[in-house]
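A.B. asks: As they're listed, the protein sequences go chains A and B.
Heads up, the first sequence is in my numbering, so the first residue is 1 and it goes up one at a time.
Heads up, the second sequence is in my numbering, so the first residue is 1001 and it goes up one at a time.
Rather than coming from a laboratory, the hints here were simulated on the basis of the structure.
All figures in this text were calculated on a predicted structure; none of them were measured in a lab.
Cβ coordinates follow ideal geometry from the N, Cα and C atoms, glycine included.
Do not take every clue at face value.
Some chain A residues close to chain B (C-beta under 10 Å, calculated; not the full set) [to be verified]: (1) F6; (2) G102; (3) I106.
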Amino acid sequence: MQLPRFDLKRPSSFHEAVRLLVEYGNAAKISAGGTDLLPRMKYRIAAPATVISLKRIPVSEPFQDSEGNLHVHALVRLSDAASSNLVRTNAPALADAALAVGSEQIRNMGTLGGNVCLEPRCHYYNQSHAYQFMDPCFKRGGNLCYLVPKGNRCWALACSDTVPALIGLRAAAVVQSGDREYTIPVEELFTGDPVRPLCLGETDLITDIVVPAARPRTAVVFRKLSPRGGIDFATVNCAVMLKLSEDREACEDAIIAIGAVSGKPMRAGQAEKNLLGRKIAPDVIHEAAGRTASEIRPSMRCDCSISYLRKCIESLTQAALETAYQRASSGDGVKPD
Amino acid sequence: MKILVELSVNGERFEIATNPHATLLEVLRNQLGLTGAKEACGTGECGSCTVLADGRPILACLALAADYQDCEITTIEGLQAGSTLTPVQESFLEKGAVQCGFCTPGMVLSATALLKKNPAPTLDQIRKALEGNLCRCTGYNKILEAVRAAGEKMSQEASGSSGQ
Chain A
1 MQLPRFDLKR PSSFHEAVRL LVEYGNAAKI SAGGTDLLPR MKYRIAAPAT VISLKRIPVS
61 EPFQDSEGNL HVHALVRLSD AASSNLVRTN APALADAALA VGSEQIRNMG TLGGNVCLEP
121 RCHYYNQSHA YQFMDPCFKR GGNLCYLVPK GNRCWALACS DTVPALIGLR AAAVVQSGDR
181 EYTIPVEELF TGDPVRPLCL GETDLITDIV VPAARPRTAV VFRKLSPRGG IDFATVNCAV
241 MLKLSEDREA CEDAIIAIGA VSGKPMRAGQ AEKNLLGRKI APDVIHEAAG RTASEIRPSM
301 RCDCSISYLR KCIESLTQAA LETAYQRASS GDGVKPD
Chain B
1001 MKILVELSVN GERFEIATNP HATLLEVLRN QLGLTGAKEA CGTGECGSCT VLADGRPILA
1061 CLALAADYQD CEITTIEGLQ AGSTLTPVQE SFLEKGAVQC GFCTPGMVLS ATALLKKNPA
1121 PTLDQIRKAL EGNLCRCTGY NKILEAVRAA GEKMSQEASG SSGQ
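Bound-form chain A, shown alone (with noise of 0.2 Å):
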């Protein structure tokens, strides 16, 4: 399969990036590793007619500052990032997370910034569309979807598998824009709409991402359920924070963050609640991921059942709030797997 024809722009730094951005505003794609675009070109459902390749702009290492907080570049390729002592040690939900996509090849061509950036996906949008003359769905800019034939708008799904572990980490992006930096939340990034997923503007670019420092008392842990095991993309994957009081019993911070269900990331919000200040027990963890279960609603998909998708949630949630938990009691609450 040939990629179309387009125009190679290789600049040297972000500031370099983001001024091409501005140059040729829509026409141009931002390719960090290319293993999320490039399929799309070859598919012949993105043709821009610049590609701007990042790949020349220098990587830093993952680094932590004088605070604790560690700084990861968003260029740092996902094998590097899942093997890193550094966020193995400060991040080992990220660590998990950046080892469960995709294969080998591709943790060692796509970036962290990609995957944050990875454009949501439908069966019926991600595949060749070279020999179909079928109208275009709202993804490609048509007005219909054929997975809902009647709906008004577009049912892909964020599948990103880092975006749910840095939403437990509460990690935050720096973002470049023009000339001015700012840094956002990386749950804030998301809009919901998979037709424009990133609340970002159009000539912005994600340069760093930064973890706060890890907490006592204070676990996370990232969960992927897949057909496969490997290569696939996540049917459902989830992040838990659990951080414990002082006397390692009671719940003092929660998050439960379900990944691949829908346009964004999901945040089970009365789970967590229900879980504040309560004494963790088995029944308590399974009340909180039956809670999750009924209050996330995932996507119409057409690989698997909504119904099927509930039980996958409840499951992923369960376990990893018993292995949260059981890493945050131990006080080896930053430990990988």
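With chain A held as given, fit chain B onto it using these hints.
C.D. replies: The following block gives chain B in isolation, referenced to the frame of chain A:
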């Protein structure tokens, strides 16, 4: 308009005039005549186009040739010295891990990269390292056996040579 791309493949430098939209796989196969890396799915799912960039397996079908100018690319043709096979290649033959052979170059390169990093991998680690390489013939068991045997062979050779 064509662009000039400088690639370092199997220890040799090449200067190639190619399209900006040419993938590394197209340049390797069509312009350098290195047809060991195969194109199957073309979209990064099967791993038959696997080559090593600075020793790490990547998908040549999703790599723009212009992006990999600073890397040392190794294809299956560059793995062996002369006509001697590497331990991984030998084990693949001995264990019957090759049937139609289409996935084999990618499998061998992924396995080579794994064994270099981790000479004694567990079965799960081999599975994880080869998760991006699909094989439609063997059912994988022979391949897993071959990789394990190659690891043992390599560590024996290493201990043998250090003992001398």
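A.B. asks: Could you run down the list of hints and mark each one as holding or not?
C.D. replies: Hint check results:
1. F6: For F6 of chain A, the interface hint holds, since the closest Cβ of chain B sits about 6 Å away, which is under 10 Å.
2. G102: Result: holds, 7 Å to nearest chain B Cβ.
3. I106: holds (6 Å)
Checked against the numbered hints given earlier, this structure breaks none of them.
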